[in-house]
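Participant: Chain order of the listed sequences is A and B.
Going by my numbering, the first sequence opens with residue 1, and the numbers climb by one from there.
Going by my numbering, the second sequence opens with residue 162, and the numbers climb by one from there.
Any given hint could be a false lead.
[Claimed, not checked] Examples of chain B residues lying across from chain A (beta carbon under 10 Å, computed):
(1) 216
(2) 218
(3) 219
(4) 231
(5) 233
(6) 235
(7) 242
(8) 243
(9) 244
Read the hints as simulated data drawn from the structure, not as lab findings.
The beta carbon of each residue, even a glycine, is placed where N, CA and C say it ideally should be.
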Amino acid sequence: MNNRPLIAAGTTLGVGLGGFLDGILFHQILQIHNMLSNWIPRTTLVNEEINMFWDGLFHAFCLITTAIGLLMLWRIVKRPDVPLPDRVFAGSLLLGWGVFNLVEGLIDHELLQVHHVYQNDPRLFVLWDLIFLGSALGFILFGAWIIRTPASSAHEILARR
Amino acid sequence: MRERLVLRKLSRIVYKPDMQVRRLVLSSVLRSAVLLFTPVAFACPFCHTSTGRQVQAGIFNASFGIKLLVTAAPFPIFAGLIAFLYFQVPRTRNFDKEPENKDGDHS
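So that you can see chain A by itself, here it is in the shape it has in the complex (with noise of 0.2 Å):
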């Protein structure tokens, strides 16, 4: 049974999902952070633009992915060798969600530190960012544990729950 395709195609509207929820979340509806919030920081209208652009930017970055992977699933659609589980499926976009969150996290908050995840209070810049890389850990696993569990095994553990 080839998966594979499956796997990727929802990994990367994972990605681009995930990336939306952070970029609408945090940085437009509670406003914590902006792309490069640390390097240019939100105190005048000017820099609150220059940052709303590079927002704009990385939503574009997003939609292109998500664009991939629709484009990547219409075509596994079309394909009689490839099956469509649904729980391969959710397993690869929580997958995606959680890669998003460790690359995005371990790149732009730790390495480049672009921006943190709590922007507003520099005290709790490395709490708030264990805690993304966390439920990166967490999404990563529990999407590899739904997509590898047999679809029998998982509603029973799930149904004892």
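Following the hints, complete the assembly by docking chain B onto the known chain A.
Facilitator: Using the frame of chain A, we list chain B on its own:
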């Protein structure tokens, strides 16, 4: 004389609230009119205003390329990881008990 005084007092009582409303309406209209002529901070990157030009200068400067690279940095890694998933991950076991079809006909 007394009647006049009473009338004046009455008129004040009757017209005072009306005057207050008039003043309120007039002041609101005037304030709104003043707001129309106050400088508005059009701050988009392509706005031809002082703030707009500052935003433009803050974006399109010598560090534009670096910031673009930084913003895009995670995405090639995502592409690499997804390519790895597609080409390298071993096939998952057949837990769904679906019959293997050698002809590739999946129904």
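Participant: Would you mind marking each hint as holding or not holding in the structure?
Facilitator: Against the structure, the hints:
| no. | hint | result |
| --- | --- | --- |
| 1 | 216 | 4 Å, holds |
| 2 | 218 | 9 Å, holds |
| 3 | 219 | 4 Å, holds |
| 4 | 231 | 6 Å, holds |
| 5 | 233 | 6 Å, holds |
| 6 | 235 | 5 Å, holds |
| 7 | 242 | 6 Å, holds |
| 8 | 243 | 5 Å, holds |
| 9 | 244 | 8 Å, holds |
Consistency note: the structure conflicts with none of the earlier hints.
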